[in-house]
Amino acid sequence: MISFKSFLLASCATALMSSAVWAADPIKIGVIAEAQAVAGSSIAPAAQLAAEEINAKGGVDGRKIEIVVYDNHSSSAESVRAFQRAVSEDKVNAVIASYISEVVLALEPWAGRLKTLMITPGAASDVITQNIAKNYDQLKYTFHGYLTSTSLAGLVCDAAKDLLVEPYKMKTAVIMSEDAAWTTPLDAGYEKCLPEIGLKVVDHIRMSPDTTDFTPIFNKIEGLKPDVMITGISHVGTQPTVQWKSQQVPIPMFGISSQATNSTFWKDTNGAVEGVMFNAVSGPGVAVTPKTLPFVDAYQKKFGNIPSYAGYTSYDDVYMIADAIHRAGGTDPDKMVEAMEATDYVGTIGRVSFKPKGDPNPHALRTGKGYITGLMLQWQAGKQVNVWPKELAAGTATWPSFIKLKAASN
Amino acid sequence: MLFWQILIDGFAISALYALGATGFTLIFGVSGVLNLSHGAIMVGAAVAAWAAAGELGVGPYTGALIGVLAGLVLAFATYFIAVRPIQLSKAIAESEKEIFILTATLLWGIIIQEAIAYLFTNNAKTVLPIVEGVTTVFGVRTPRNEYFTAVICWVAIGLLWFLVNRTRRGKAVMAASMNPRGVTLLGIELSSIYLTVWAIYGLLAGVAGILLGMFLGVSSYSVGPLTASAFSIVVLGGLGSVSGSLIAAYVVGYLETGTAYLISPAYRTIPALLLLVVVMYLRPQGLFGRR
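Chains L and Y, in that order, give the protein sequences. If you use numbering that gives the first Met the number 0, the first sequence corresponds to residues 0 to 409, in order. If you use numbering that gives the first Met the number 0, the second sequence corresponds to residues 0 to 290, in order.
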């Protein structure tokens, strides 16, 4: 009993001491993410890292930041329940949510109903911000902290022009994407921008995310003899990549392949990803901004692995929310939204600024020169090498021996 | 060209289905257990092989061996954790044991699935292939690993046939599937027969899982569909009939491959499922079922 009493006393003393350090109530940020998916599993640790860094420097106006983590098991329904619990029971002031568009679209109305600021570090569908445009007053609490599918398509086309059309005189492409919310605007973007850079779209294949055998799909694509396959895949990744290599499909894979951004993807595919080119907002060793590499180092030191793309944005999101709360003078949700809208912040993936009310995509990130430009990485001998844009490139494109670049000899 | 493509791809995938379903039907035939953790055991074996080859760097052969062992261990674990206690329980009425075992193996499968997702993430993994490269036959460029898959499947099925028909132990297993009481009257312990069958099952499921991991790749999401496909093949062929399962595996394999090539990969599984419904109406015991 004595030891229990002294334990109680000690904990009271600790509680008193810690409350003496922090001036007021903590700021709580909920993180709803996919702990079991590689892309989602970096979201919570990266947020935690940012919170610890901010707290080590005294927090936000003397208030400590606390991260409350919810695993959504990649399910929209579980995410909605987590969001409700986060707001009504755990009293969070803001939420960082998911890399899956379907999940974010399910949460968006709840952010409005419960008047809670929400930002997604990894979903891509344009519909998230299109919804805000349609019903700004209700849905203004949602911010899109990652590139929209349309912007992604544009960045892929910019890179394809420099990396494929100019050096190899490529003329035709097949779009291969998975059937999901985020690829609908992506494919529309590809259909529009590929012809503009001189790549004729000869076919457009949308496959089910449940596909396991890609042989018939590659077979069909090969029959069309395009110069390149432009990809839009995120839920699938390992299987098409491995089968592309094992079947020696002689056409380059180029575009969005979210799983290829993970540092573990080489092992997952036993190296089959060699030569795959994919869009990314960051890459190992690429100093997109002065904050990028220190973040990656700190993350790797603390967690033993490299963050996924959504880890970078989640880390930035905590800083942006903290900054917005500081500028708003507190956690009033409407004032936080106003402050977030005024964000102009250089994070780990570039300069972050949100498009304003009145834009077709309010609260989407600004992209292009001076803001976020993206990178094009290629897996080469077990490493992700940045090959685009030129000023940040660490290497040049190489292709596996089974790839036949028709026009290269011309 | 397309004909050969369908013929070759369909053959490999069907061989894999056949191997996966054989163990499943054997267990049912002998002990009346419908093992709904089947997919989880296959995926567990494949992920173990992947982890051994990738994380420990032991090479494809040792990796595959570790995977097969994992299949064996998981099969025994299933038997001793989810099946045996219910078979021996006095608290559960005999008539209800079947449904209890069904539920227990389903839950056990989910436990394995979640454990895999937790430890290795739900991203798909591919087992390091033993045979690399491609071969062109009839103008169809096919990974050598696909031929290798078909050969190993048939070798494994051949060995099983040999075991069941030509060895004393195997004949006892066969006899137990026909008349369990008769076997006990001959002085053979049923529980030791069960152990033999679960060992054979573990090896078959392990090999099938690893080959699938090399050929197409697996993830924790594959667990449900794998159990479902083994289940529908076995029901189509006739519960407990090994030869029925082999034929049904080829029917399903070719229907799926043909659909994927000729109609669309998106509709791959639909015709086989429709066929299953039709067979259930016209011949509920399955194509070659005895009961």
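There could be a bad hint or two in this list.
Here are the simulated SDA-like pairs of lysine to any residue, each with C-alpha atoms no more than 20 Å apart in a straight line [said to hold, decoys possible]:
(1) L:K300 to L:E51
(2) L:K403 to Y:R140
(3) L:K224 to Y:I246
(4) L:K224 to Y:G58
(5) L:K382 to Y:G56
(6) L:K224 to Y:L261
(7) L:K266 to Y:Y60
(8) L:K382 to Y:L261
(9) L:K290 to L:K356
(10) L:K334 to L:P25
(11) L:K382 to L:D322
(12) L:K219 to Y:Q4
In short, the hints are calculated from the structure, not lab data.
How the hints compare with the structure:
Restraint check: the Cα-Cα separation between L:K300 and L:E51 comes to about 14 Å, which is no more than 20 Å; the hinted pair holds. For the hint linking L:K403 to Y:R140, the alpha-carbon distance of about 15 Å falls within 20 Å, and the restraint holds. Distance restraint check for L:K224 and Y:I246: the Cα-Cα separation of roughly 37 Å exceeds the 20 Å cut-off, and the hinted pair is therefore not satisfied. Under the criterion of a C-alpha separation no larger than 20 Å, the hint pairing L:K224 with Y:G58 is inconsistent with the structure, at around 36 Å.
Between L:K382 and Y:G56, the direct Cα distance comes to roughly 18 Å. Compliance with the 20 Å bound is thereby established for this hinted pair. Taken as a hint, the L:K224 and Y:L261 pair is honoured in the structure, with Cα atoms around 19 Å apart against an allowance of 20 Å. For a cut-off of 20 Å, the pair hint linking L:K266 to Y:Y60 stands: about 17 Å separates their Cα positions. Proximity of L:K382 to Y:L261 is assessed by CA-CA distance (about 39 Å); at most 20 Å being required, the pair is judged violated.
Taken as a hint, the L:K290 and L:K356 pair is broken in the structure, with Cα atoms around 29 Å apart against an allowance of 20 Å. The hinted pair formed by L:K334 and L:P25 meets the criterion: a straight-line CA distance of about 18 Å does not exceed 20 Å. A threshold of 20 Å between alpha carbons decides the hint, and for L:K382 with L:D322 the separation of about 35 Å lies outside it, so the pair is violated. With a C-alpha separation of about 11 Å, the suggested pair L:K219 and Y:Q4 falls inside the 20 Å cut-off, and the hint holds.
Of the numbered hints listed earlier, those contradicted by the structure are 3, 4, 8, 9, 11.
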